[in-house]
Amino acid sequence: MRVAEKIEKMILKMIPGNTFKYQELGIAKDEYSAATKAIERLIKREVIKRASTGLFYIPKQTAFGNIMPREEELLKPYLFNGGQRTAYITGITLYNRMGITTQVPKNIRLASRDKRIVTKIGSVEVKSVKSYVEVTNENYYLLELLDVIKDFKTIPDADKTQTIRFLLNKLGELTVKEKEKLIWIALKYPPRVRALTGALLSELNPTDLLQELKKSINPLTIYKYKITSQQLPTIENWNIQ
1 MRVAEKIEKM
11 ILKMIPGNTF
21 KYQELGIAKD
31 EYSAATKAIE
41 RLIKREVIKR
51 ASTGLFYIPK
61 QTAFGNIMPR
71 EEELLKPYLF
81 NGGQRTAYIT
91 GITLYNRMGI
101 TTQVPKNIRL
111 ASRDKRIVTK
121 IGSVEVKSVK
131 SYVEVTNENY
141 YLLELLDVIK
151 DFKTIPDADK
161 TQTIRFLLNK
171 LGELTVKEKE
181 KLIWIALKYP
191 PRVRALTGAL
201 LSELNPTDLL
211 QELKKSINPL
221 TIYKYKITSQ
231 QLPTIENWNI
241 Q
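Using my numbering, you'd call the opening residue of the sequence shown number 1 and step up by one each time.
Treat the hints as calculated values from the structure; they're not laboratory data. Fair warning: there could be bad hints in the mix.
[To be verified] Cross-link-like lysine-lysine pairs, in silico, DSS-like; alpha carbons within 25 Å at most:
1. LYS150 <-> LYS170
2. LYS188 <-> LYS127
3. LYS181 <-> LYS150
4. LYS9 <-> LYS76
5. LYS44 <-> LYS21
6. LYS21 <-> LYS37
7. LYS226 <-> LYS188
[Stated by the list, open to error] Per label pair, the in silico range of CB-to-CB distance:
8. PRO191 <-> ASN18: 38 to 46 Å
9. LEU220 <-> GLN103: 29 to 37 Å
10. GLY82 <-> PRO191: 29 to 37 Å
11. TRP184 <-> GLY17: 35 to 43 Å
12. LYS106 <-> GLU178: 29 to 37 Å
Cβ atoms here follow ideal geometry from the backbone N, Cα and C, with glycine treated the same way.
Construct the complete structure from the given sequences, taking the supplied hints into account.
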């Protein structure tokens with residue numbers, strides 16, 4: 001079977017809206033030249049579309065026309081490596097998705113421990129920031145919550161009372177083991193993050209593990225969040241104002 005036929009047959013079996021790269025087509029090294037030409041022909045025929053350099057997808061057809069893949073799908077090559085998560089979406093994109101802000105970011109930020117990510121998805125720039133710990137499938141959702149706490153004061157248009165409620169709801173849904181993992185990760189974050197994390201968790205159900213957070217912050221330092229005790233009753237125990 002010719003390379004072009006093999007590629008088209010493989011692509012047509014894919015789910016519309018999902019992205020793929022050359023590496024997922026099982027192409028041998030000596031077939032890359034023919035594969036590149038085959039891909040370009042499929043793009044011209046509008047069988048597939050290019051999402052970004054080296055990233056393609058089959059358009060998903062709806063009553064309103066073809067639609068782009070979901071944001072998470074477009075970013076998949078940068079979020080995973082060999083099926084293992086190595087990065088996660090953070091910043092205003094994340095906070096918008098969570099409903100904390102209505103602001104739409106001009107660029108997307110991906111947090112990763114070691115990976116440097118600079119690319120474009122359409123007209124939107126994708127930039128990387130350094131995560132505080134190694135990112136995995138088992139911890140990225142905890143890192144997302146800690147980033148909300150980290151950026152609590154600077155999230156545009158965020159209502160502090162509603163953000164506190166959001167965080168308490170999300171933290172309250174975690175299992176005991178997940179809360180323990182969150183605490184150990186929080187110890188890698190700045191002191192102000194540890195303080196607010198401690199105040200939020202102690203509002204839910206105080207545990208001995210919170211002492212680790214308590215010991216990690218300076219008892220003489222005041223962390224200014226402009227939060228009242230009506231919004232979060234435990235702030236005084238964590239030097240928060």
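Hints, one by one, checked against the model:
1. LYS150 <-> LYS170: Status holds; Cα separation ~15 Å.
2. LYS188 <-> LYS127: holds (22 Å)
3. LYS181 <-> LYS150: holds (17 Å)
4. LYS9 <-> LYS76: holds (23 Å)
5. LYS44 <-> LYS21: It holds: about 17 Å lies between the C-alpha atoms, which stays within 25 Å.
6. LYS21 <-> LYS37: Holds, at about 14 Å.
7. LYS226 <-> LYS188: At roughly 24 Å apart (the allowed maximum being 25 Å), LYS188 and LYS226 satisfy the hint.
8. PRO191 <-> ASN18: 38 to 46 Å: holds (42 Å)
9. LEU220 <-> GLN103: 29 to 37 Å: Check passed, 35 Å falls within 29 to 37 Å.
10. GLY82 <-> PRO191: 29 to 37 Å: Since GLY82 and PRO191 have Cβ atoms about 36 Å apart, the given range 29 to 37 Å holds.
11. TRP184 <-> GLY17: 35 to 43 Å: This hint holds: roughly 37 Å between Cβ atoms.
12. LYS106 <-> GLU178: 29 to 37 Å: holds (33 Å)
The structure shown violates none of the earlier numbered hints.
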